[in-house]
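**Q** The residues making up each chain are set out below.
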Amino acid sequence: MELLSYILQQLINGLQLGAVYALIALGYTMVYGVLRLINFAHGDIFMLGAFIAYYLITRLNIPIYLVFPITMLLTALAGYLMEKIAYKPLRNAPRISLLITAVGVSLFLEYFLGLNALFTSNYIGFPRPFRIETYDCSLFTITNVQVLIFLVTAASLILLYLLIYMTKQGKAMRAVSFDQEVASLMGINIDATISLTFIIGAALAGAGGILYGIAYPQINVFMGIMPGIKSFIAAVLGGIGIIHGAVLGGIIIGISEVFVSAFLSSTFRDGVIFFILLLVLLLKPSGIFGKRIDKV
Amino acid sequence: MNFFVEARTQILVSLGVYIILKILFAFHFVSEYIEQITIYSFIVIIASLGLNVIYGYTGQFSLGHAAFYGIGAYASAYFSRIFGIEHVYSFLPVLLLSGAIAGLTGYLIGIPILRLRDDFLAIATLGFGTLVRVFFDNSDRFAEVLGGSRGFVGIPRITNLETVCFVTLFLIIITRNMISSRYGLFWRCIKEDETASMSIGIDTAKMKLMAFAYGCFLAGIGGALYAHLYTFLHPSNFDVLKSIDFLIIVILGGMGSIMGTIYAGIIWVGFIEGLRIILPAAMLDLRWVFIPLLLIALMMWRPYGLITKGR
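The listed protein sequences derive, respectively, from chains A and B.
For the first sequence, the working numbering begins at 1 and goes up steadily by one.
For the second sequence, the working numbering begins at 297 and goes up steadily by one.
Rather than coming from a laboratory, the hints here were simulated on the basis of the structure.
It cannot be assumed that every hint is accurate.
Stated by the list, open to error - Derived SDA-like pairs (lysine to any residue); straight-line CA-CA distance at most 25 angstroms:
1. B/538 - A/6
2. B/502 - B/400
3. B/538 - A/220
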């Protein structure tokens, strides 16, 4: 009984981490879908979200329900600018050039924002925007932060589904990710569609950043690197380009990470995640929900 | 004999470089610090040359080059410590062995991951790099001497100007000959078009593996020399940023250009270390603000490298 309750508790903790990964993974998977680009800087947008929220809460005393929309708006703007400035000029360049540019953008954001005049490279304590309450469910406990994270992730997933499958813009996105050239022949505005993808992805990453800050209250300019890479792995695991795959992948990665920390050693958790990645790439590169193998 | 005759220009040039540097060092015209980074730039050139074989010549994008550099460094340091090696002549076999271990690791890891292409290969090599980093961080669990996250201390200082000059010259000639050999031709074919290479009967899987293993071997040699120059190793010296260092050198010098890599390696070390001297400590972080901008600018205007023209 003791063990069961411990496992359940770790499962909840894993879901908490996994849901944040899922939010980031959604942006990766969408951008990969339309541009075939691993946007390394996506993890830094997540970091930016956490920092914007930090300043909104501590300096401007903005209530938490307003922090979410403002942060998401600002990170969306950052995502939009990033695409316009760094990636758009390379639309016809080889894919590797685009990838190297993404690495460059990521490093730039980290070191530029890490300057002492800006966010500094120190660890900063994230404020508690509301009182943490713990609900006891006999076998395990759940906090209101965890409930908030699950709700935000679930709501994002539902809204994203509605957007992609119910609206004209969503149809355009699916068309662009299927075949960019043919989509443009059908009168779809490719640039606008790609921008929209970046905007949505960045907004979700921003939300992920706030939630991560609340749940693990220490932020740093380099905090986006590992969650970013792990979320990308989550997207690959679920099948890149597939929305629900990214969420499932994120949850699997989050749970495995927490379980490895709890039952083996926390130093091995990064290693295990990459081991999962190598396994997926070798056994089923198209991911859990993927159908096509030829893309890799 | 033919080997030496064909490479006489390189041998003469490096002899000249060696004599000039030796005079500068022997009469203390330059500080010990400059001496160290000069030797370090040779090491960077060797390791970058390895990445150039993998990426520049064969077109296999790797973000995990520093892992092999680290494997060479840790392996050589381990051998030096357990065999108690202190002299250059007994160091050379260790050097070769460490390079071979890095190359073999590259070969084994290459069998599965070289089936992937472009960005998936990038992520897989990045993943491998992180795995190796985690291994170094926990290495004291396997052998106390490796030091784990405290770092590997007490490595004898063996690397000197003579060793790096000789090893660099030797490896540059070998690499040049490899590139112009039949295998080198296959590598360049694969870079241009993998499917077409396969269709004319090139065993692409084998050739990619060979290039990858050879590139990792060079990285391992570089790492071993590095370990015996700085006498201290820390897992953070071999993380992704280091891989990006090598990548920048290869891109700066031009993909598929040995001379370019040599120039870029010297410029890079000079630039990074030079800024360390010129800039006040508070401004040092600015380096890493401008380097990514440089990378982005290069990708926009000169994707085939700054020094060589490319196509």
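**Q** Run the distance test for residue 538 of chain B versus residue 220 of chain A: straight-line Cα separation, threshold 25 angstroms.
**A** Holds. Residue 538 of chain B to residue 220 of chain A sits at ~21 angstroms (cutoff 25 angstroms).
**Q** With the threshold set at 25 angstroms, check whether the alpha-carbon distance from residue 538 of chain B to residue 6 of chain A stays at or below it.
**A** violated, 40 angstroms
**Q** Tell me if the straight-line CA distance from residue 502 of chain B to residue 400 of chain B falls inside 25 angstroms.
**A** holds, 14 angstroms
When the structure is compared with the earlier hints, a violation turns up for hint 1 alone.
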